[in-house]
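Visitor: Protein chains in written order, with my numbering: chain A, 1102 to 1368; chain B, 1102 to 1368; chain C, 1102 to 1368; chain D, 1102 to 1368.
Just so you know, the hints here were simulated from the structure itself, not pulled from any lab data. On a predicted model such as this, the values are computed, not experimentally measured, just so you know. Wrong hints could be hidden among the right ones.
Treat identical chains as interchangeable: a pair holds within one or across any two.
Keeping only pairs whose Cα atoms sit at most 35 Å apart, straight-line, the calculated DSBU-like set for lysine-lysine is [said to hold, decoys possible]:
| id | residue 1 | residue 2 |
| --- | --- | --- |
| 1 | 1121 | 1318 |
| 2 | 1285 | 1188 |
| 3 | 1121 | 1158 |
| 4 | 1284 | 1180 |
| 5 | 1180 | 1121 |
| 6 | 1204 | 1188 |
| 7 | 1160 | 1180 |
| 8 | 1206 | 1217 |
| 9 | 1108 | 1204 |
| 10 | 1285 | 1160 |
| 11 | 1236 | 1318 |
| 12 | 1318 | 1205 |
| 13 | 1285 | 1204 |
There are 4 protein chains.
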Amino acid sequence: MGYGLLKGKKGIIFGALDHKSIAWKVAERCVEEGAQIVLTNAPVAMRLGEINELAEKLKCEIIPADATSIEDLELLISKSQEILGGKLDFILHSIGMSINVRKKKDYTDLNYEWMKTTFDVSSISFHKVMQTAFKQDALNDWGSVVALTYIAAQRTFPDYSEMAESKALLESFARSFGYHYAKKAHVRVNTVSQSPTVTTAGSGVKGFGDFFGYANKMSPLGNASADACADYCVTLFSDLTRYVTMQNLFHDGGFSSMGMAPEILED
Amino acid sequence: MGYGLLKGKKGIIFGALDHKSIAWKVAERCVEEGAQIVLTNAPVAMRLGEINELAEKLKCEIIPADATSIEDLELLISKSQEILGGKLDFILHSIGMSINVRKKKDYTDLNYEWMKTTFDVSSISFHKVMQTAFKQDALNDWGSVVALTYIAAQRTFPDYSEMAESKALLESFARSFGYHYAKKAHVRVNTVSQSPTVTTAGSGVKGFGDFFGYANKMSPLGNASADACADYCVTLFSDLTRYVTMQNLFHDGGFSSMGMAPEILED
Amino acid sequence: MGYGLLKGKKGIIFGALDHKSIAWKVAERCVEEGAQIVLTNAPVAMRLGEINELAEKLKCEIIPADATSIEDLELLISKSQEILGGKLDFILHSIGMSINVRKKKDYTDLNYEWMKTTFDVSSISFHKVMQTAFKQDALNDWGSVVALTYIAAQRTFPDYSEMAESKALLESFARSFGYHYAKKAHVRVNTVSQSPTVTTAGSGVKGFGDFFGYANKMSPLGNASADACADYCVTLFSDLTRYVTMQNLFHDGGFSSMGMAPEILED
Amino acid sequence: MGYGLLKGKKGIIFGALDHKSIAWKVAERCVEEGAQIVLTNAPVAMRLGEINELAEKLKCEIIPADATSIEDLELLISKSQEILGGKLDFILHSIGMSINVRKKKDYTDLNYEWMKTTFDVSSISFHKVMQTAFKQDALNDWGSVVALTYIAAQRTFPDYSEMAESKALLESFARSFGYHYAKKAHVRVNTVSQSPTVTTAGSGVKGFGDFFGYANKMSPLGNASADACADYCVTLFSDLTRYVTMQNLFHDGGFSSMGMAPEILED
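Start from the sequences and build out the full structure, keeping to the hints where you can.
Guide: What follows is the structure, given as structure tokens:
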């Protein structure tokens, strides 16, 4: 039971793969706060099937869509409005994937075709989602768009490889599109820079465990969980944060503001 | 009528001078969201009297305190806990004053005694409030402390003069103390960097009108109002933002992320 | 006649199109400071012919190369070492191009094929240059790599369109590769964020004139010229800046640190 | 023997305590590059005597001055111009001191009188130096002012305590005064954010050794030495960096751009 912060609001949630996904938690929390939502994920990802569980639980529909395909996005956004019975109020973009990382290619020996796929899936998809919504005039006045990102966009974490660039790109799209969407319909666009999170996707990064532990010690409050991130996203979709836009917001237990934690040295 | 976001929470609000004050709006919204509060302001400021109106309306007590006096702060914080019947959950610091600005001294001809008073009142008071609360163990686990600031801490607005430095100092105190308070009791400390706001204090800055208009055009969503700022502070005092700490959060309609707005050139 | 800051150093300069190009000025100043260089540009750009003038004047060779082609880059970098008689000490990347900007597409109606070309030419080429040099072990210990960028990577200038993203990407590559190249050979990698400059490329951006004038007023020292930028690049290629790496360095007359210049309001 | 980068330039160097001081190295390098300088330090610091050695070696004069005293600064700046035979071209501010740190007071139990002294000595002195020079019109057109700072101004290093705030204050003064001095005489003002350095002052910070080692591992190029810092300051005083102003420049081997170094985890 929630506060009713999103009562009457309608939204689309990208990227709920399984119950560990941040998007999964966001979907749950949005519904708990009174929103109606549509879930979407890549057809490939959906074959794994867990998302059906979530849809049943939340009594919402799933529309498969390849976020790199304008056609798929057009259909997704128009159908979602039909299903939900009106324009949208919020969108969560939680998509990221790198073949170079998966294949453990060194950063100094990247495959450029794979890199393009990384950017297409992880970053350009965000522009495509917004451009499609913009053209369909699919978002209500004072709507809110959030994408999940990581501090590798600002600082180097060698094992994160080209995902650093894909997040830098993503955050830049948020700022740039934020201007245009504010002017059109007071829609705000932000990115949430989340602590490393134990998700199926996150854990794929090389050395994730050490990474997670280091961040946990470096963060005065510890790493933020997926649940906490969902709470935070709810505030950003609510009417209480209407003037926050074009920002990259750290939800990381303080990690981003630490230079050195004595806890690291104690070991 | 609110969402109940602060139900059962207790807090102290510094700096409600009159109905235009951001702190005034925050006080109103906190109570609306279910919080119990104590209001405080400098004895001098209180002589103006409007704050009594607010206290009556919100059915809360006022404890005068000079925020530069440790004695006053000790009394304020211990009495507040007595009145509210337990430890505190949140504190708002909304205090700022510069004699050099008031007396229209050029930035290249500042009076250093006045400068020290500016820093003492506008910035060091924030450390004093936190240090006093810390020593009294006055904040509940996962409490939240917010101070209001301005983007002059990052970029130069010549007419803002030494207030730029006082805000840089304030934001640094937030980061530094945020570490220690997170470790002690998971308390988070943040600053909200608000649009120029038509308050009695803000309007004192030379050329405020032009300033306000420029920022309004430069911000894709327009300047954020005091009311909107109060909404935002409510989210930061709520349990939905527990892992946001040591951050400077722009609540400015997008101003901070703009390089140049075509609207400025159109004139 | 210079100071001899680059005496004995060897480098490659990308992107000297004509005498207004920043790369042109950098080439001249590097030679003046004692360096031996190779000039390179895209075969298309070279057909315009002015670069031959420069090569004659500087008594250096030109090697045409498409910076998106690994083959071309491999040849360029190996040949350059042959011609110059040893490993390289510095590289300047000054390449940028956007078809969406040229064709005046709205930012909310971008062509994604063109976008990919923009990123490939303007940003990924930088990674390709470094990866190729890295694999050939072509840079001497304490070498220096610089790419030119623009503040649109941090803040929104709506007319700059997707070039904002291409610069965000470029700067991220600098940080990421900077780590690896430091570890391999103490090579430093930085980006210089230059004032808007009257070049043949820069002037192509919509509303460039207004843009330039605004930046000039907003910058306390005025816009930095291409000549001044060349001087600055010389310091970054010299041995006096060996510990500066993974930085984005503003060379902009103070623009990036201004919030509002009274000069703007005076009009 | 140098490059002649500062030939004919005149400057004042604050803060050369002993041969480990960064200011000491800067003084040596400035003279080597052709500058004439005046050395200054607090009367207390000078009693230790090593500075006389330096003055002899560099054949320059020492003028004792308490950097918190306007009178002393007025005398220093007017006398320096007499001695050097004309207006000044550069100033180095390398002053920092915290009694709270020295006395090992916890950050949550600071003595506020000491804090004020810290800010007065470490930060406000910088404004005083510039204001005094400004009033005397003591700096030549395109002069350059540099102050040394540390990344604790942006991120929390708990043991650095209130020095974090004093550096935040210092950097803000640089931005603010940079505007005014640019307008008056094209003078640029910057801060150099240096790696932890083994100086007599730096080593006083609690846990300095661990601190130094951590930063060294975290920095892809290792910590920058005082000698390297002096080289960098020379470039900032030279005519090759005329359009760099109001910047905080990291001279830190890449530390500031690292999120996590694998080298840290290897232990």
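Visitor: For each hint, tell me whether it holds in the structure or not.
Guide: Hints, verified against the model:
1. 1121 - 1318: Both ways: residue 1121 and residue 1318 sit 22 Å apart in one copy and 34 Å across, limit 35 Å.
2. 1285 - 1188: within (15 Å within a copy, 46 Å between copies)
3. 1121 - 1158: Classified as within; 15 Å inside a copy, 46 Å across copies.
4. 1284 - 1180: Intra 25 Å, inter 48 Å, cutoff 35 Å: intra-copy only.
5. 1180 - 1121: For residue 1180 and residue 1121, only the intra-copy Cα distance (27 Å) is at most 35 Å; the inter-copy one is 45 Å.
6. 1204 - 1188: Answer is between: at 32 Å across copies they meet the 35 Å cutoff, but 41 Å inside does not.
7. 1160 - 1180: For residue 1160 and residue 1180, only the intra-copy Cα distance (16 Å) is at most 35 Å; the inter-copy one is 50 Å.
8. 1206 - 1217: both (14 Å within a copy, 22 Å between copies)
9. 1108 - 1204: neither (44 Å within a copy, 43 Å between copies)
10. 1285 - 1160: within (32 Å within a copy, 42 Å between copies)
11. 1236 - 1318: Answer is between; shortest inter-copy Cα gap is 25 Å, intra-copy 45 Å.
12. 1318 - 1205: Result: close both inside a copy and across copies, 26 Å intra and 24 Å inter.
13. 1285 - 1204: between (42 Å within a copy, 22 Å between copies)
Checked against the numbered hints given earlier, the structure breaks only hint 9 and satisfies all the rest.
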